[in-house]
Each structure stands twice: as C-alpha cells, then as structure tokens.
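Between the sequences and the hints, there should be enough to build the whole structure, so can you do that?
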Amino acid sequence: MENINKMSTRQLTLIAVMTAVTCVLGPLSLPIGLVPISLTNLVIYIAIYSLGQKKGTISYIVYLLIGVIGLPVFSGFSGGFAKLAGPTGGYLIGFIFMAFISGLFIDRFSDKIYMCFIGMTLGTIVTYLFGTAWLAYVAKIPFNTAFSAGVIPFIPGDIIKILISSLIGPKIRKRLINAGLYD
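Take any residue in the sequence shown, count from 1 to its spot, add 296: that is its number in my numbering.
A portion of the hints provided could be inaccurate.
Computed cross-link-like contacts, DSSO-like style, restricted to lysine-lysine with a CA-CA straight-line distance of at most 30 Å [claimed, not checked]:
no.: 1; residue 1: LYS436; residue 2: LYS470
no.: 2; residue 1: LYS470; residue 2: LYS379
no.: 3; residue 1: LYS350; residue 2: LYS436
no.: 4; residue 1: LYS470; residue 2: LYS408
Between beta-carbon pairs, the in silico distance windows are [claimed, not checked]:
no.: 5; residue 1: SER444; residue 2: ALA316; range: 33 to 41 Å
no.: 6; residue 1: ILE437; residue 2: LYS467; range: 22 to 30 Å
no.: 7; residue 1: TYR410; residue 2: ARG471; range: 33 to 41 Å
no.: 8; residue 1: ILE473; residue 2: ILE328; range: 29 to 37 Å
no.: 9; residue 1: ASN474; residue 2: ILE437; range: 44 to 52 Å
no.: 10; residue 1: LYS408; residue 2: ALA381; range: 37 to 45 Å
no.: 11; residue 1: ILE421; residue 2: ALA475; range: 28 to 36 Å
no.: 12; residue 1: GLY476; residue 2: ALA435; range: 46 to 54 Å
no.: 13; residue 1: VAL434; residue 2: SER325; range: 19 to 27 Å
no.: 14; residue 1: LYS408; residue 2: ALA429; range: 30 to 38 Å
Simulated from the structure, these hints should not be mistaken for lab results.
None of the values given here were measured: they were computed from a predicted structure.
Cβ atoms here follow ideal geometry from the backbone N, Cα and C, with glycine treated the same way.
Here it is in structure tokens:
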C-alpha cells in the first residue's frame with residue numbers, strides 16, 4: 297500500500313517549478329513611486345492558487361532556504377543569512393504565515409473570490425505585524441515608526457497584487473485541474 301503522505305514526482309516537480317519562478321521574480325521589483333514594489337508576495341499568492349496551501353507553502357520555504365544559503369534570490373538580488381537576520385528578515389519569515397493563512401482560504405473557498413481576497417489580506421496583515429515587530433527590534437525603533445516605514449508605503453502595491461492574484465489565480469487553478477496537474 298502506498299504511503300499517502302509521500303509526494304509524487306509530479307508534485308515535487310510542480311513545487312520545484314514554482315520555487316524557480318519565485319527565485320526568478322523574487323529579486324525583481326517594479327520602480328513605481330518612491331517605494332519599489334517587490335513581486336515576491338504576488339508569486340506566493342499564485343503558487344498557493346497553483347499548488348494549494350501545503351505545496352505552495354513548501355515552495356516558499358524552499359525559496360527561503362535557497363536565499364538563506366546565499367543565492368541572490370531575495371529583493372535586490374541579495375541572499376544569505378544576514379538578510380534574514382537583518383531589518384527585513386521578519387517579512388521574509390512572515391511570508392510563511394501569509395502563504396499558510398492565504399492557502400487556508402484559497403483551498404477552502406477557491407470558488408469565492410471575495411473569500412480568497414480576505415484570506416490573502418489576513419495573511420498579508422500577519423506578515424506586516426511579524427515584519428514590523430522584527431524591524432522595530434532589529435532597528436531599535438518604536439513599533440509605530442517601523443510600521444510607518446515598513447508597511448504604509450507598501451499597502452497600495454500589496455492591494456494591487458492581491459487583486460491581480462484574485463483575478464488570475466482561479467483561472468490558473470482551473471487550467472491546472474483541467475490538465476490533471478492539480479492534486
């Protein structure tokens with residue numbers, strides 16, 4: 297009898313593909329306004345739609361480990377443990393919770409865009425809180441100062457990324473299901 301906890305080669309390949317997509321797009325940012333907009337969380341949302349909560353979260357964790365060992369896959373083509381221990385490391389760790397929480401909603405309510413939007417928003421809020429607390433601790437600044445610097449400028453871009461994911465994510469998932477690639 298096959299162990300149901302083992303992942304198939306196809307599932308591992310899909311995780312690897314989404315990890316690779318995150319590694320390619322994660323370091324990039326869009327120079328819109330004063331604060332460049334990172335593509336990392338957009339890719340995480342799409343990975344959750346494409347792979348589901350568990351495999352999408354695993355995909356992000358593998359990306360995080362690739363960056364921690366030193367490959368330049370984090371924003372601005374940076375990598376290494378120092379990035380994780382630095383001022384923005386809390387956001388990188390917070391993305392794990394974002395993927396998990398977003399995935400709960402996306403897997404449970406994939407046919408209800410507004411519920412997926414709520415789930416991604418809640419996941420993003422948890423990332424903001426985790427990242428802001430870490431930023432305040434590392435930079436030795438008050439929480440509200442860290443929030444003003446590390447969250448407020450990114451809210452409009454994150455809302456746009458959640459909207460984009462809410463619109464294209466279900467279509468990607470449906471195509472993967474129709475192709476027999478979604479488990």
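Results for each hint:
no., hint, verdict
1, LYS436 - LYS470, "46 Å, violated"
2, LYS470 - LYS379, "36 Å, violated"
3, LYS350 - LYS436, "35 Å, violated"
4, LYS470 - LYS408, "13 Å, holds"
5, SER444 - ALA316: 33 to 41 Å, "35 Å, holds"
6, ILE437 - LYS467: 22 to 30 Å, "42 Å, violated"
7, TYR410 - ARG471: 33 to 41 Å, "22 Å, violated"
8, ILE473 - ILE328: 29 to 37 Å, "33 Å, holds"
9, ASN474 - ILE437: 44 to 52 Å, "50 Å, holds"
10, LYS408 - ALA381: 37 to 45 Å, "39 Å, holds"
11, ILE421 - ALA475: 28 to 36 Å, "33 Å, holds"
12, GLY476 - ALA435: 46 to 54 Å, "48 Å, holds"
13, VAL434 - SER325: 19 to 27 Å, "21 Å, holds"
14, LYS408 - ALA429: 30 to 38 Å, "31 Å, holds"
Going down the numbered hints, you'll see the structure goes against 1, 2, 3, 6, 7, while the others check out.
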